[in-house]
Amino acid sequence: MNRKVKWIQILLFCLSYLFLTGCWDYKDVEDLHMIIGQSIDLAEPIEQEKDMIHRDWLQLTVQSVKPKGLSGQQNAGATMQKPYENLTSIGNSAIQTFNNIYSKTEHPFLSYHLKAVVLGEKLVKKVNMQKLLIEYSRAPEIRGSLLVFIGKGKAKDILEASNPTEVPIIKLIGLSQNHSVSTRIPPEMNLTQVEAKLASQSNLLLQTVEAKNKRMIIANGAIINGKTGKLVGFLNRKEIEGLNWLTSRAEVGVVKAIDTEKNKIVGYYFKNAKSKIRPHIQGDKVSFDVNIESNGSLEEDWFIPGDAFDNKFLHHAERLIEKQIKYIVMKTIHKLQKDYHTDVAGFGEQLRIEYPKEWKKMKSNWDQHFSQAPIKVNVKITITDYETKGTKMKKK
Amino acid sequence: MLTNTNDRITTPQTAVAVTSIIIGIGILTLPRTVTEEVGTPDSWISVVLGGMVVMIIGIFMAKLSQMFPEKTIYEYSQLVVGKGLGKLFNLVLIIYFLLSVGLEIRVLAEVTNMYLLVKTPIEVTMIAIMSVCVYLVVGGINPMARLYELLLPVTIVIFLLVFLMGLKIFELNHLRPVMGDGFLPVLKGIQPTTFSYTGYESILILTAFMAEPKKAKKAVLIGIGASIVFYLVTVVMVVGALSADGVVTEIWPTITLFQSFEATGILFERYESFIFAIWILQIFTTFTSFFYFAALGLSQTSQKKISYSIYGLLPVIYLIATIPTNINEVFTLGDIVEYIFYGVVGITIILLIIAHFRRMHHESKG
Amino acid sequence: MTNSKKTMKPQKLQARKLETLKQKPHPNELQSSADQNVPDSKNVLPNNGLTDDLSSNLAVLKEKMGYQSDVRFSEFPLSNTEKQVALVYIDGLNDLTFINDYVIKPLKLYYSEQKESKEEQLENDCFIGIAKRAFLTGDGVEELTTFEQVIQAVYAGFTIMLLEGASSALKISAKKVKSRPLEEPITEATVKGPRIGFNETLSENTALLRLRVSDPQLTMTHFKVGRTNKDLVVVYMKDIANDELVREVQKRIKNIDIDDVAGSGYIEQLIEDDYLSPFPQVQDTERPDRFISSLMEGRVGILLDGSPFSLMVPATFSMFLQTPEDYYERWIPSSFIRLLRFFAALVSLFLPSIYIAFVSFHQGLIPTQLAISISATRESVPFPSVIEALIMEVAIEILREAGLRLPKTVGQTVGLVGGLVIGQAAVQAGIVSPIMVIVVSLTAISSFAIPQYSAGISLRLLRFGAMLFSALLGLFGVILFFLIIAIHFVKLKSFGVPYATPATPYRLGDWKDFIFRAPIFKMNSRPKMLFTKNTKRQSRRK
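Chains as they are written, first to last, in the numbering used here: chain S, 1 to 396; chain F, 1001 to 1366; chain P, 2001 to 2542.
Isolated chain S, as found in the complex (with noise of 0.2 Å):
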């Protein structure tokens, strides 16, 4: 190559890079503050700005971790630092209030961490979530990955619920894992997943977190209508378990059924369960079936040991948990098309995806035709074995 090409070329990069530099992004990591959850609620209005009345005036917390509380780096003889510090602010907007809090802290803010949001119950009822989740998704600091709860009460509570030695939110977000566990508790969502649910003005089901005398407790979800993205009514455990039932998202659990005519509990540990909803459509009329497949072994003995124990008595057991799954899940199709008027169990995406024609039609008032659909449940459970006998109720 031409020598003084050569030449050129480095005295270009030398000039351009002495001439840009400037570490303008550069900012080390211990000078930020870092925030890891949110909490809005809705709030009185400021006095002296009562007469913007036309917006809803909202309540801003902020949680940020103090690392130093949060690695076990404090000397012994220290006072014990909180390992998290919560900032609160009144504004009209998410953003106007966040700025407010810049008045409160010497560092500024990073949110690339933030993981959840918790809304207040009040604020949900009353504006649509899309507004405010907006902020969240526009900015792009902020990850799709973001938690996003309803509080019961008010949002801010939840996070000061836990004991001084850990971060609130942290708790939370370990407790939002446990529907791999229990299935009373519906799957957590995060901001992508409501976004992609609002956007397609579909209902989802939000994990709700309560706070009980400072102990944080997840128990019911949600119902969040699609449309409006407003805040329906919350279903309970039992209705969850229903839920879950429904839409396959049960993984492991356990089912206990009664035998009403000897009076005996019946446990089933199941290891997978599948739902399958298949629609049909009759004219404009749209039912659907629903096909509930499981199996698991049974955990509790419901005999004296040594009695007859062959393929009998296990069918009589199948049929006792089938009936049991069938009047949890009816119960809680039923809380869904006659209280909430509200599709969260995905019987519109099955619609969708067997029907894309029928749904077109049916689109826009569709938790109207969902609530008039008859829906018929059927079970199918199969005990492949029953665990080692003689240890009863290992798991609970």
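Hints were generated in silico from the structure; no laboratory data involved.
Just so you know, these numbers come straight off a predicted model, no measurement behind them.
Don't take each hint at face value.
[Said to hold, decoys possible] To list a few chain S residues with every Cβ distance to chain F over 12 Å, as calculated:
{"#": "1", "residue": "I8"}
{"#": "2", "residue": "I10"}
{"#": "3", "residue": "L42"}
{"#": "4", "residue": "E44"}
{"#": "5", "residue": "S103"}
{"#": "6", "residue": "E166"}
{"#": "7", "residue": "Q177"}
{"#": "8", "residue": "E195"}
{"#": "9", "residue": "L198"}
{"#": "10", "residue": "A199"}
{"#": "11", "residue": "Y269"}
{"#": "12", "residue": "K274"}
{"#": "13", "residue": "Y327"}
{"#": "14", "residue": "R352"}
[What the hints assert, rightly or not] Below, simulated EDC-like cross-link-like pairs (lysine to aspartate or glutamate); rule was C-alpha separation at most 16 Å, straight line:
{"#": "15", "chain 1": "S", "residue 1": "K360", "chain 2": "F", "residue 2": "D1245"}
{"#": "16", "chain 1": "P", "residue 1": "K2224", "chain 2": "P", "residue 2": "E2184"}
{"#": "17", "chain 1": "S", "residue 1": "K66", "chain 2": "P", "residue 2": "D2260"}
{"#": "18", "chain 1": "F", "residue 1": "K1119", "chain 2": "S", "residue 2": "D25"}
{"#": "19", "chain 1": "S", "residue 1": "K361", "chain 2": "F", "residue 2": "E1338"}
{"#": "20", "chain 1": "P", "residue 1": "K2171", "chain 2": "P", "residue 2": "E2142"}
{"#": "21", "chain 1": "P", "residue 1": "K2192", "chain 2": "P", "residue 2": "D2326"}
[As the list claims (entries may be wrong)] Simulated DEER-style distance windows between Cβ atoms:
{"#": "22", "chain 1": "F", "residue 1": "G1225", "chain 2": "P", "residue 2": "S2293", "range": "46 to 56 Å"}
{"#": "23", "chain 1": "F", "residue 1": "V1316", "chain 2": "S", "residue 2": "N365", "range": "48 to 58 Å"}
{"#": "24", "chain 1": "P", "residue 1": "N2524", "chain 2": "F", "residue 2": "E1329", "range": "35 to 45 Å"}
All C-beta atoms, glycine included, are put in the ideal place defined by N, C-alpha and C.
Guided by the hints, dock chains F and P onto chain S, whose structure is given.
Showing chains F and P alone in chain S's frame:
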């Protein structure tokens, strides 16, 4: 000295170059652009069909170039339609390449400044990447082809690993029903897809550098085929994770996908940095080639040394890249480039027809 | 003539006497006798032929070389004849015992026999003829006729023998070179390989090669480089190595014009392609096994007298991550270790810069838990992460340099004190965060895992560039730096072979010996990148 094929590139290098040039902005935007048009989860079918359409055009282009061995389109266009018209066509092609380079540098800078360097002035990002680009381009086609060969395996490995991680939030239901609305939406999606495949026109120039120009068709087919797989995986994964409705509202849906999950317990929890890395590498390969093609065109049309046109075009590209004032204008620039591109394709086919009828098979017998 | 020596008995002329002789050159006496036949010795040109007068010849030589303190002239009669003989040599370079036993003694014997039969035979016979008859058994003896030749030969370390009545001189090769035994090379130790390395003596090295490769195709061509006339041998396999490559190597060596090549590193720098590149473009080794295997691949080797490091060209980057060990160990572990080395090379180049990019630019891209713990450990550190990283990296480079030059035992102490004590103290004092120490030590260890010293240095150097880019532009800067390195990498060629081969251009056959090493019986062909004349390494296994 050992390689007597000093300015020649091998057939695999050509195929790799075609793939590297095609893959670019599309990785981040294709799921949105195609789903916007299709409206159903069937966008992946459009991607495959669009790729096939592109393959046919690619074959035509390779065929045209094979008629004129060791000549780039800039040289033979003047042979086919005469000096004046040929030069005009060259000008269109050069403008197309220049606008593409400008657009891509701008998009690169936009994404970088959105996600990686928030406070750094966008000009810095652009000048930095452009100086690296010049360093490569002055070396000519051979180092470029070798660099693409070096980068592509890295890209494939990271791409596959990262997308495997994405399976975590993949839901098959988001891709169903297949063709629920019939075939029409799929057809609508072909047009935006073909634009994402731009880059295969590089075969018009690459053939001239090939050691075995006879294999140009094979190279372009393999090159396009590989990029179909890339884009197919991207669209399937992104639509499968975000759903068709969710994709259309995201400006950079692929990044959104990788921001939507965290794989805790593995060394890295967050995988978008990998996507940024390979995407920057791939978009770099795209615009360096386009830059080289534009400079080559200018030097071959004006009969000046290529280094003059390389350094001369730098400020032009910088200006083009800074013209759009906001992201919407960036996309408008993209639309303009798209229209010029269709013009280029049209003219190429006309060239092919004229050359065919004038029996300009020259010395290439095969 | 020189009467003082007459009394000496030939039988007693032992090596010890020769020693004493050379210390007493008697220049004055010789000078006076020379004056008679050489009218104006100052005007005698050195390329003039030798005369048959010994004393005049000696006078000329003394004129030319007498001022050199280490050039010895010794003159003595041959037994009981009147024949005078003279030796000219450089002190210390010649094996006098050898001269005495194999040259002087036979010559004396010859004359004593001759004296009885034909007295005047010598006058008519040429010197070489006598020498041949008297003592010449093999090579190493040559007849010289001009002064210039004589002077050159003396400086080249030969012993010159002049005889009364002969108009030529004998060049006797009796070089006595102290050479190091062939020891295991320190820089390239192996576990399973042969424990032998080149030493500083060219002839021993070439002999070693001949010993190991008894193939007539092993070709050695000799060159002299520099004013100092260092011997240099270009070695290649005639039926394998590409002719053009051999010619190019020879051309570049011929072009060398320098005072002295002190070591093969000089040659390396004088024949390499791109002097601006941070990468080494010529590979050196002390190991004959490695040298031979690269000859068999079709490379050309260069041996320089006085340097145990042989050179091999063309070099590609992947060579620097290979060791002969890879072939001595079974292919699965070898492949694994190769993979590990590639990974180590990447780590040693990019780890600190990636750390800076993540900690100071993209805190969002690291796992939350990690971000929290980094933040906690860095809280008391007063410096920004770049400065911290620079301090630590520079410190570790200094430590390394300090340890390298010191005696082994002291070096270890320095490493221990520097690494452990200072590192620990710095962390406890809160100047450096523990994570930084981990990053720096990982980087250092990774750079040690690169088997070739010169490649390790270049990566260590580039690491600082990566850190600078990272400090300016974060991850984007790291990617830019990677691109710049990659571009330079693909542009670079070593003797016409792209430096990045076999990574690019794709030659699947060459990938058998790249990141993975295929089983040896599968490696049937020589590297295609070298365009060898003969491509087949072995026939296919049945």
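Taking the hints in turn, this is what the structure says about them:
1. I8: The claim is violated: I8(S) sits with its nearest Cβ about 8 Å from chain F, within 12 Å.
2. I10: Per Cβ check, I10(S) is inside 12 Å of chain F; nearest 9 Å; violated.
3. L42: holds (26 Å)
4. E44: The claim holds: E44(S) sits with its nearest Cβ about 33 Å from chain F, beyond 12 Å.
5. S103: The claim stands: S103(S) keeps its Cβ more than 12 Å from every Cβ of chain F (closest is about 21 Å).
6. E166: holds (18 Å)
7. Q177: violated (10 Å)
8. E195: The assertion about E195(S) is violated, with a minimum of 6 Å to chain F.
9. L198: violated (9 Å)
10. A199: violated (4 Å)
11. Y269: Y269(S) clear of chain F: closest Cβ-Cβ about 26 Å, beyond 12 Å.
12. K274: holds (14 Å)
13. Y327: Check passes; 27 Å lies beyond 12 Å.
14. R352: Non-interface label on R352(S) violated, nearest chain F Cβ at 7 Å vs cutoff 12 Å.
15. K360(S) <-> D1245(F): Answer holds: K360(S) to D1245(F) is near 14 Å, not above 16 Å.
16. K2224(P) <-> E2184(P): Violated, at roughly 28 Å.
17. K66(S) <-> D2260(P): violated (65 Å)
18. K1119(F) <-> D25(S): With Cα atoms ~6 Å apart, K1119(F) and D25(S) stay inside 16 Å; holds.
19. K361(S) <-> E1338(F): Roughly 36 Å between the alpha carbons, so the hint for K361(S) and E1338(F) is violated.
20. K2171(P) <-> E2142(P): holds (5 Å)
21. K2192(P) <-> D2326(P): holds (10 Å)
22. G1225(F) <-> S2293(P): 46 to 56 Å: Hint violated: Cβ distance 40 Å, outside 46 to 56 Å.
23. V1316(F) <-> N365(S): 48 to 58 Å: Roughly 56 Å apart at Cβ, these two residues keep to the hinted range, so it holds.
24. N2524(P) <-> E1329(F): 35 to 45 Å: violated (59 Å)
Hint violations for this structure: numbers 1, 2, 7, 8, 9, 10, 14, 16, 17, 19, 22 and 24, all remaining hints satisfied.
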